[in-house]
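Protein sequence lines correspond, in order, to chains H and X.
Per our numbering, the very first residue in the first sequence carries number 71; after that it's consecutive.
Per our numbering, the very first residue in the second sequence carries number 26; after that it's consecutive.
Hints are computed from structural coordinates only; laboratory data are not their basis.
It should be emphasised that the depicted structure is a prediction, and the values quoted were computed from it without experimental measurement.
A couple of the hints might just be wrong.
Chain X side only, calculated, beta carbon under 10 Å to chain H, not exhaustive [to be verified]:
1) Ala80
2) Pro84
3) Ala87
4) Gly91
5) Lys110
6) Arg112
7) Arg114
8) Val116
9) His126
10) Thr127
11) Asn128
12) Ser192
13) Val195
14) Leu201
The C-beta atom is built at its ideal place from N, Cα and C for all residues, glycine as well.
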Amino acid sequence: MTALAAIAEARRRTRKRPLGRHLSILGWCAAAVLAVVALLAIFGPLLVTVDPNAVDLSGAYSGPSPEHLLGQDASGRDLFSRLLSGASTSLVGPLLVVVASTVLGTALALSAVWIGGWFDSAIARVIDAVFAFPGLLLAILATSIFGTGLQAAVIALSISYTPYIARIVRGAALRERSLPYVAALRVQGLRGTSISLRHILPNIAGLISANATLSFGFALIDLAALSFIGLGVQAPTADWGAMIGSGMAGILQLEPQEALWASLLIVITVAAANSLGDELVKRSENRS
Amino acid sequence: MSALLEVDGLSVQLPVAGEFRTVLQDVSFSLEAGQTLGLVGESGSGKSMTVRSIARLLPPGARTTGSIRFDGASVLDLRGDALRKFRSRDVSMIFQDPRAHTNPVRKIGDFLTEAMRINGKVPPREAERRAVELLAEVGIHDGERRLKQFPHELSGGLLQRVMIAASLAVKPRLILADEPTTALDVTTQSEVMAILARLQREYGMAMLFITHDLELAAAVCDRTVVMYAGAMVEHQDSSRLHTDPLHPYSAALMQARPEIDRRVPRLPAIPGHPTSAFEAPDGCAFAPRCRFAEDACRAALPPLESMGDAAYSRCRRAAELRGHLLATAEHSGGLGDGAGVGDSAGLEEEVAR
Numbered sequence: 071m072t073a074l075a076a077i078a079e080a081r082r083r084t085r086k087r088p089l090g091r092h093l094s095i096l097g098w099c100a101a102a103v104l105a106v107v108a109l110l111a112i113f114g115p116l117l118v119t120v121d122p123n124a125v126d127l128s129g130a131y132s133g134p135s136p137e138h139l140l141g142q143d144a145s146g147r148d149l150f151s152r153l154l155s156g157a158s159t160s161l162v163g164p165l166l167v168v169v170a171s172t173v174l175g176t177a178l179a180l181s182a183v184w185i186g187g188w189f190d191s192a193i194a195r196v197i198d199a200v201f202a203f204p205g206l207l208l209a210i211l212a213t214s215i216f217g218t219g220l221q222a223a224v225i226a227l228s229i230s231y232t233p234y235i236a237r238i239v240r241g242a243a244l245r246e247r248s249l250p251y252v253a254a255l256r257v258q259g260l261r262g263t264s265i266s267l268r269h270i271l272p273n274i275a276g277l278i279s280a281n282a283t284l285s286f287g288f289a290l291i292d293l294a295a296l297s298f299i300g301l302g303v304q305a306p307t308a309d310w311g312a313m314i315g316s317g318m319a320g321i322l323q324l325e326p327q328e329a330l331w332a333s334l335l336i337v338i339t340v341a342a343a344n345s346l347g348d349e350l351v352k353r354s355e356n357r358s
Numbered sequence: 026m027s028a029l030l031e032v033d034g035l036s037v038q039l040p041v042a043g044e045f046r047t048v049l050q051d052v053s054f055s056l057e058a059g060q061t062l063g064l065v066g067e068s069g070s071g072k073s074m075t076v077r078s079i080a081r082l083l084p085p086g087a088r089t090t091g092s093i094r095f096d097g098a099s100v101l102d103l104r105g106d107a108l109r110k111f112r113s114r115d116v117s118m119i120f121q122d123p124r125a126h127t128n129p130v131r132k133i134g135d136f137l138t139e140a141m142r143i144n145g146k147v148p149p150r151e152a153e154r155r156a157v158e159l160l161a162e163v164g165i166h167d168g169e170r171r172l173k174q175f176p177h178e179l180s181g182g183l184l185q186r187v188m189i190a191a192s193l194a195v196k197p198r199l200i201l202a203d204e205p206t207t208a209l210d211v212t213t214q215s216e217v218m219a220i221l222a223r224l225q226r227e228y229g230m231a232m233l234f235i236t237h238d239l240e241l242a243a244a245v246c247d248r249t250v251v252m253y254a255g256a257m258v259e260h261q262d263s264s265r266l267h268t269d270p271l272h273p274y275s276a277a278l279m280q281a282r283p284e285i286d287r288r289v290p291r292l293p294a295i296p297g298h299p300t301s302a303f304e305a306p307d308g309c310a311f312a313p314r315c316r317f318a319e320d321a322c323r324a325a326l327p328p329l330e331s332m333g334d335a336a337y338s339r340c341r342r343a344a345e346l347r348g349h350l351l352a353t354a355e356h357s358g359g360l361g362d363g364a365g366v367g368d369s370a371g372l373e374e375e376v377a378r
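Could you put the whole structure together from the sequences, leaning on the hints where they help?
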């Protein structure tokens, strides 16, 4: 009975199926949207024909035209090229946050689980303590230390995102560690680091990457919010969050294009990242 | 001659819901190089815990007293590198369910060569060659193909042979076999057992063999320890255990077995439920189920006493009852209806080799 269940489980785990079959239509659309956004961020600057920072006060708030596809902002800068060149800064930030917090959180969680005892308790308490701080508040505090700019925002958000990842990985790793095969590896005299990195980590990698996808969406919003209040990306660099900030004045003058386009891109990207992440998380939870 | 493995007064307590519960009490035995010691008893009697204490695989927070000496060194005091060395060189363990004890997403080749590559710093090519040799030793002759397969692609018997091959990789001096054949079907059982016994002889390894199967214990083991509720109740030569049991529990186990040349209207099962150590009443843990129990049996746990010829029993009345245990049980026929016997039913179903 248990042996049968184990076989079924093993078959499920090792069956090689293309990723696509796991995804619903929504998941596919989300992945496609993210791919398009990523391509725009990488190749966008090549498509730009107008200098995104070229000021043309005579064209302030002018509507779409053949030269300026989406119109111009308060200083007459081309919105289309600003959105395109802002894509990379808007996406690289969250990407760095996700990578840093995932690596850090996973390393912390795996070592806590393996070493156990007081070390595990200590890590768990620290995680709880950092949890108590809203990420954005921590980021605002961090700018008072590191100064404003993308770098400070990324560092601060990485720190505040680490506990989320660490908590999830710790739970999964604890469960994995209690499985009999880990005892069998221990009794072969393998080091904790080998077992953690070569067995436990690959077996929970699905869950980790799913949660990384999810936190990408949140990090994008948080970084945009920091840029919006002026603590993140600094002018004149184009950035979606900063564009919403500078577009505020336009909204009051009934010229909402700048804020509208930037927020639209943020909403689309975040919605895509969250739907894909949700689906991946559900999938990896069903599996284990 | 000093023994390879000496377990002396081993007691283990595990934290369960905030309080410590005794799972093993006062277990003592010794095992010489090349010898096989059988551990038999119902589930929860402490067989696995004994073996896990030796491999230092007890759950975190376990409280251990007494001593375990391997080749003179205290196993319970091993830390860090010394513990890894002990596990990777001196002792190997074979588990009951090979399926659960392999990482399902790693190939057989990874599993067999990992310890060699990482602990022994053997180059991958060489480790693979050695793995194929080891597979041949356990009777798997298409090793190259097997190395590329996943655990779920192998049958239980085949996978258990792979586990045995893995445990041989380091040429250990002691093999801990925790019911290695229980999860296999009967024909595979005997194959796997034959391989294990042959390799044990060839490699000159000592073996601690846990089983439910009394016949198997008699065939494979030099000496047998019978455990009940976390304590040893009897310890003597396997050959004599069957003809001259020294504890009512062992005798009742013998009686509860079907035999091919004996007709009984109903197998005499042991009445009552098996007990764990922490549920055990004061006095002899078996007393509530024992047909020979007297009031004095319930007063205090009797010590494990020598009965001569390196035979030990934890029964107050062992000397008095010796020789009558089997006869009396047979005479009085079926006691109890077997409905509450739980795991001891498993003993009956296992077919003699």
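These are the hints, each one checked on the structure:
| no. | hint | verdict |
| --- | --- | --- |
| 1 | Ala80 | holds (5 Å) |
| 2 | Pro84 | holds (9 Å) |
| 3 | Ala87 | violated (13 Å) |
| 4 | Gly91 | violated (21 Å) |
| 5 | Lys110 | holds (7 Å) |
| 6 | Arg112 | holds (4 Å) |
| 7 | Arg114 | holds (7 Å) |
| 8 | Val116 | holds (8 Å) |
| 9 | His126 | holds (4 Å) |
| 10 | Thr127 | holds (6 Å) |
| 11 | Asn128 | holds (5 Å) |
| 12 | Ser192 | holds (8 Å) |
| 13 | Val195 | holds (8 Å) |
| 14 | Leu201 | holds (8 Å) |
The earlier numbered hints that this structure contradicts are 3, 4.
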